[in-house]
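Colleague: Take the sequences, apply the hints, and build the full model.
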Amino acid sequence: MTATWHTPATWSVGQLVTATNLNEQLRDNLEFLKAPPTGVRNVNQASDYATTSTTFVDVDTTNLSFSINTAGGDVLIVFFGRVNSSTGNVYFDVSVDGVRIGGDDGLTSGPSGHHPIALMALKQGLSPGTHTFKLQWRVSAGTGTLYAGAGTSGLDLHPQFWVREVS
Amino acid sequence: MNNIIIERSTINAEALDSDLRAALGAAITGVSIANGKLVIHLNDSATPQQEIQARQIVQNHNPAQLAPAQQAEAQRRQRLDQARQESALQALDVQDYSKMDPAIRRLAQKIAWLEQEIADLRVGG
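Line by line, the protein sequences are chains A and B.
According to the working numbering, the first sequence is numbered sequentially starting from 1.
According to the working numbering, the second sequence is numbered sequentially starting from 1.
Think of the hints as simulated: they come from the structure by calculation, not from any bench.
Since the structure is predicted, the reported quantities are computational estimates derived from the model, not experimental observations.
Take every hint as true, because none was put in to throw you off.
Covered stretches of chain B, as calculated for chain A (at least 3 residues, CB under 8 Å):
| id | stretch |
| --- | --- |
| 1 | 4-15 |
| 2 | 19-32 |
| 3 | 35-46 |
So the derived label-pair ranges between C-beta atoms look like this:
| id | chain 1 | residue 1 | chain 2 | residue 2 | range |
| --- | --- | --- | --- | --- | --- |
| 4 | B | A112 | A | S153 | 32 to 40 Å |
| 5 | B | A22 | A | A150 | 24 to 32 Å |
| 6 | B | D120 | A | A35 | 48 to 56 Å |
| 7 | A | L30 | B | I52 | 53 to 61 Å |
| 8 | A | N69 | B | Q75 | 52 to 60 Å |
| 9 | A | T4 | B | A23 | 50 to 58 Å |
| 10 | B | N2 | A | N42 | 26 to 34 Å |
| 11 | A | A150 | B | S87 | 33 to 41 Å |
| 12 | B | A91 | A | M120 | 47 to 55 Å |
| 13 | B | I52 | A | T108 | 32 to 40 Å |
| 14 | A | T7 | B | Q59 | 54 to 62 Å |
| 15 | A | R27 | B | I52 | 58 to 66 Å |
Idealized CB from N, CA, C, for every residue including glycine.
Modeller: Listed below in structure tokens is the structure:
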């Protein structure tokens, strides 16, 4: 469990430093920095993901979505995987508390055919509290496939999606 | 967005999408497969009757039946495979053009060269 972050104190000359002060300012804050709020998903599914949706939809509301409780600030978001699009482009975005970071056509895209997809985004200025991150995608036409460790011959690949508070 | 989730993973997403769009028009934005479940993505404007219709289309869906675009792609692949087999049996011989106009001979040489280059690319040369 991630420690609670405490706003660093400004110390005064002659101030009595209590055990509580030390536990909060040193122990808790160092523990927080060592293990900041993090969510990670290593994908290993029984079947690959697919979509024909032409508007952004969640890739997997269970396994490619999570909530973390942040101290407030910036969160680094990373996703990589291998996709195939039968005819059109395939687009990716990440929603934070229901609002897509990229908007418009998303954070990244790829053309028809097989190709790797990777995105790294910094969501800045989040308030302290629980925030929900979801990987989303859409296609312009045809079917988009995200290989998900489902045993597809030569494409038994395992995407990873993770977020970590970095400030 | 109104999602209908159905416990069914064996589908032909492109064919099902095609059938749903033909029946429901703008009320549907597509289908997805995740966690062994089928998700039908409907607009907020979709009516309860359209939801029922979507479920019926899924129930009657045959994954082996190709969508028109998939049929066209399969036919294109078939024609390409056939052309490759025919070409492999009878490669272009520039000697057949030795008595032709020099411009035709030059063109035949170019085509023969391209044929070999493409064959080389296909085997990863």
